[in-house]
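*Asks:* Below, each chain spelled out in residue letters.
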Amino acid sequence: MKLLVALCSAVVWGSGQVVNKQRLKGFVLFLIQCSFLLIELSTGTWNVLRGTSEATFRNCGYFTKGIWGLITLGEIPRTDSSVLVYDHSIMLLVGGIISITILLIFACIWVWNIKDAYATRKEIERGKSIGSIAYAKKLWEKSFEHIMLIPAGLLVVFIIVIPLIFTAILAFTNYNANTIPPKNLIDWTGLKTFGDILNLPMWSSTFVGVLSWNVVWTLAATFAAYAFGLLQATLVNAKGIRLKPMWRSIYILPWAVPAMASILILRAMFNREGAFNQLLLGSGLIDQAVPFLSNPHWARVVAILVNTWISFPYFMALISGVMTAISPELYEAVEIDGGNGWHKFRYISLPTILTATSPQIVMSITSTFNNFGMIYFLTEGGPANPNYQVAGSTDLLISWIFKLTYDNRMYNYAAAITILIFIIVGAIGGFNLMRTRAFKED
Amino acid sequence: MRKKKNLLSRIPGILAKILIYIELIAVAVIVIYPLLWLVGTSLNSVNSIARVNPIPDQPTLANYIRLIKETSFVRWFLNTGYVAVLTMLLSVLINTISAFIFARFNFKGKKASLLTIMLLQIFPSFMAVTAYYMIALTFNMLNNLNMLVIIYVATSIPTNIWLVKGNLMNLPKSIDEAAYIDGATKLQVFSRIILPLSIPIITFIALTAFMTPWMDYMIPRFLINKTNMMTIAPGLYEMVTPQTANYDFTAFCAGAVLISIPITLLYMLGQKYLIAGLASGANKGE
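Protein chains in written order, with numbering that gives the first Met the number 0: chain A, 0 to 441; chain B, 0 to 285.
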């Protein structure tokens with residue numbers, strides 16, 4: 000009997016529940032099955048079954064077509080505009096990923112529906128029966144956690160996971176400027192793209208070059224911003240300095256002004272004809288304009304300077320907070336031991352500040368590593384580097400990927416590099432996380 | 000004798016103080032000069048980036064008038080405001096309740112979800128704009144401000160869940176337990192006890208969620224192509240890209256000033272919460 004009820008539910012969702020006298024629950028499950036079938040039929044399968052449209056997978060409903068599309072990536076290219084029936088590989092790819100995700104969700108409900116019919120029957124045979132309403136209450140209590148996480152879960156799956164899968168999966172295709180759908184079809188190419196990046200000298204030298212500048216940039220920019228923030232915090236909080244709130248409010252400004260606005264303004268000021276060059280020429284310090292943004296070395300220095308200008312206020316504010324919390328007794332102890340101001344800073348302030356802000360330093364390192372906006376708005380990765388595969392001298396990996404994708408349409412290479420970074424950064428991040436106390440305790 | 004020694008020994012101190020003041024003033028100039036230059040250029044009648052003196056010779060409001068009359072700036076401003084408010088409300092609601100679940104209950108799949116979320120936040124969301132475009136196309140959501148809201152809320156989830164969860168774990172569990180004994184339901188504990196006790200962190204996520212749409216350039220650039228549906232950042236950026244037909248640096252400056260004022264004020268007012276929030280966000284590693 001138990002198996003029979005489960006079998007009923009497997010064929011007609013909710014029918015087992017109705018047999019179990021849980022009519023409302025059975026009805027809801029049946030509605031879910033109906034909606035599933037309705038989507039599939041109304042998006043094409045019905046016409047195929049009736050014979051009004053040709054019996055190809057292309058004309059089938061959303062789910063059938065999705066799986067077919069994902070496997071084949073289309074069969075008919077649109078070689079010219081006279082071709083009316085054609086396949087668009089990328090649309091098929093996205094449609095396929097979305098339909099498989101939705102199918103998985105339906106599959107989970109289906110499995111749960113069978114399991115539930117079986118388990119409820121078992122209870123009934125033991126002499127316990129429970130109505131739909133009472134069951135709903137029990138479910139709410141028992142699965143409160145999961146129910147409450149549904150909205151966040153759906154958002155994360157559809158807006159973060161699916162796009163990530165789509166972006167990554169392109170690495171295993173030949174989707175680039177040479178094969179732009181719908182004129183061409185895209186094919187699965189396995190690991191070929193990765194092979195190219197590692198073996199072709201132009202690609203591998205660009206990858207190594209951009210990666211090493213990215214590492215230098217991350218360390219130098221974070222260090223400069225932190226050190227300068229520390230200096231300003233120390234000076235503003237020094238004994239006997241007046242107008243402390245005024246200084247703090249001034250220094251916090253670069254943090255508060257929207258970064259895009261200030262970076263674009265600074266870009267104009269660092270221009271060859273910009274205000275800084277005029278200022279230096281006018282004061283007689285230089286005789287000809289400095290190529291701040293068009294010389295590779297200058298551009299890198301300027302990028303670090305601008306980043307310092309924008310980021311030091313955050314560290315200053317943070318470190319000020321830590322400093323005011325240091326107990327004055329510690330400083331008195333240094334005085335008693337005959338130490339001077341430097342000793343106080345070196346042996347009391349600095350170690351305390353470094354310990355207290357080390358998590359923020361780590362966070363800042365990860366965000367600086369991927370600081371796309373800074374590079375994109377300031378230099379657009381430029382000046383162009385002829386030795387690189389479409390990358391400029393200030394390009395970070397992330398802005399290089401962006402250029403590959405949107406300026407050069409080398410989607411598969413961009414995707415492969417994204418995956419390589421994800422493996423490197425993800426491994427470090429995941430390893431670090433699993434070692435932390437907070438995670439172990441959960 | 001003693002007095003003289005004091006005076007002498009005070010000289011290095013005074014000197015140091017003078018040096019400190021010089022440094023403070025120099026940095027203040029470096030900080031203020033570009034900002035003053037921004038404001039000055041927005042009031043300038045000449046469309047030039049070569050000016051050294053930030054104060055315009057003949058200040059004029061012409062750039063502001065042109066910005067408001069000839070571009071869709073007001074429309075962009077309202078669009079961004081709509082997106083910002085909705086993003087803020089939904090982001091607070093979804094993030095707090097999810098973080099409450101993660102902080103207070105044990106359930107199947109918890110560790111796996113937390114680890115997944117952690118890994119997901121490594122990559123900036125704009126890397127997936129092509130996919131957003133395709134998804135928007137599939138669900139007929141191109142040129143739709145609500146799509147922006149959905150994306151901003153969704154992409155705020157990974158970071159914020161960790162952040163809020165870390166904060167909630169600092170609240171003693173005994174408060175909840177007492178409430179459960181008194182017969183409160185889980186939702187009541189959440190809305191009457193947890194929410195009021197986490198106002199600071201809620202302020203933080205509300206502020207950051209509200210500010211995201213004002214600064215974000217990439218996502219609207221790809222999902223919205225109708226001028227009157229745009230948000231502020233891509234709208235303004237269009238004015239200073241060299242390729243663009245309507246290059247207008249002074250009008251850009253005027254627009255930048257107009258959005259910087261409210262955002263800067265928000266930052267100044269919310270400073271305390273922002274710093275505390277960022278500081279606590281990192282404590283998740285403890």
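Source of the hints: derived by calculation from the structure; they are not laboratory data.
Because the structure is a prediction, the values reported are computed rather than measured.
Just so you know, not all the hints are guaranteed correct.
Stated by the list, open to error - Derived EDC-like pairs: lysine to aspartate or glutamate, alpha-carbon spacing no greater than 20 Å straight-line:
| hint | chain 1 | residue 1 | chain 2 | residue 2 |
| --- | --- | --- | --- | --- |
| 1 | A | 238 | A | 272 |
| 2 | B | 109 | A | 140 |
| 3 | B | 110 | A | 144 |
| 4 | A | 1 | A | 122 |
| 5 | A | 238 | A | 140 |
| 6 | B | 107 | A | 379 |
| 7 | A | 141 | B | 237 |
| 8 | A | 243 | B | 237 |
| 9 | B | 68 | B | 237 |
| 10 | A | 1 | A | 79 |
| 11 | B | 185 | A | 379 |
| 12 | A | 238 | B | 22 |
| 13 | B | 107 | A | 122 |
| 14 | B | 68 | B | 56 |
| 15 | A | 141 | B | 69 |
| 16 | A | 182 | A | 334 |
| 17 | A | 182 | A | 331 |
| 18 | B | 109 | A | 144 |
| 19 | A | 20 | A | 86 |
| 20 | B | 172 | A | 195 |
| 21 | B | 68 | B | 247 |
| 22 | A | 243 | A | 272 |
| 23 | B | 225 | B | 237 |
| 24 | A | 182 | A | 328 |
| 25 | A | 127 | A | 144 |
| 26 | A | 114 | A | 124 |
| 27 | B | 225 | B | 22 |
| 28 | A | 343 | A | 331 |
| 29 | A | 20 | A | 144 |
| 30 | A | 402 | A | 79 |
| 31 | A | 136 | A | 122 |
| 32 | A | 402 | B | 237 |
| 33 | A | 238 | A | 328 |
| 34 | B | 185 | A | 86 |
| 35 | A | 137 | A | 122 |
| 36 | A | 182 | A | 195 |
| 37 | A | 238 | A | 334 |
*Asks:* Within 20 Å, alpha carbon to alpha carbon, are residue 137 (chain A) and residue 122 (chain A)?
*Replies:* Holds: residue 137 (chain A) and residue 122 (chain A) sit about 15 Å apart, inside 20 Å.
*Asks:* Against the 20 Å threshold, does the CA-CA distance of residue 68 (chain B) and residue 247 (chain B) hold or violate the hint?
*Replies:* The hint holds at about 14 Å.
*Asks:* Is residue 107 (chain B) within 20 Å of residue 379 (chain A), Cα to Cα?
*Replies:* Violated, at roughly 46 Å.
*Asks:* Given the hinted pair residue 68 (chain B) and residue 237 (chain B), is their Cα-Cα distance within 20 Å?
*Replies:* Given that 20 Å is the threshold and the Cα spacing comes to 17 Å, the pair holds.
*Asks:* For the pair supplied as a hint, residue 243 (chain A) and residue 272 (chain A), confirm whether the alpha-carbon distance does not exceed 20 Å.
*Replies:* violated (37 Å)
*Asks:* Is residue 238 (chain A) within 20 Å of residue 334 (chain A), Cα to Cα?
*Replies:* Answer holds: residue 238 (chain A) to residue 334 (chain A) is near 15 Å, not above 20 Å.
*Asks:* Given the hinted pair residue 343 (chain A) and residue 331 (chain A), is their Cα-Cα distance within 20 Å?
*Replies:* Roughly 9 Å between the alpha carbons, so the hint for residue 343 (chain A) and residue 331 (chain A) holds.
*Asks:* For residue 182 (chain A) and residue 328 (chain A), compute the direct alpha-carbon distance and say whether it is at most 20 Å.
*Replies:* violated (76 Å)
*Asks:* For a C-alpha distance cap of 20 Å, please report whether residue 238 (chain A) and residue 272 (chain A) respect it.
*Replies:* violated (43 Å)
*Asks:* Is the Cα-Cα distance between residue 109 (chain B) and residue 144 (chain A) 20 Å or less?
*Replies:* holds (10 Å)
*Asks:* Decide if the proposed pair is consistent with the structure: residue 68 (chain B) and residue 56 (chain B), CA atoms, cutoff 20 Å inclusive.
*Replies:* Distance ~24 Å between residue 68 (chain B) and residue 56 (chain B) Cα, so the pair is violated.
*Asks:* Would you mind confirming whether the straight-line C-alpha gap from residue 107 (chain B) to residue 122 (chain A) stays at or under 20 Å?
*Replies:* violated (23 Å)
Comparing the model with each earlier hint shows violations of hints 1, 5, 6, 7, 8, 10, 11, 13, 14, 15, 16, 17, 19, 20, 22, 24, 25, 27, 29, 30, 34, 36; every other hint is respected.
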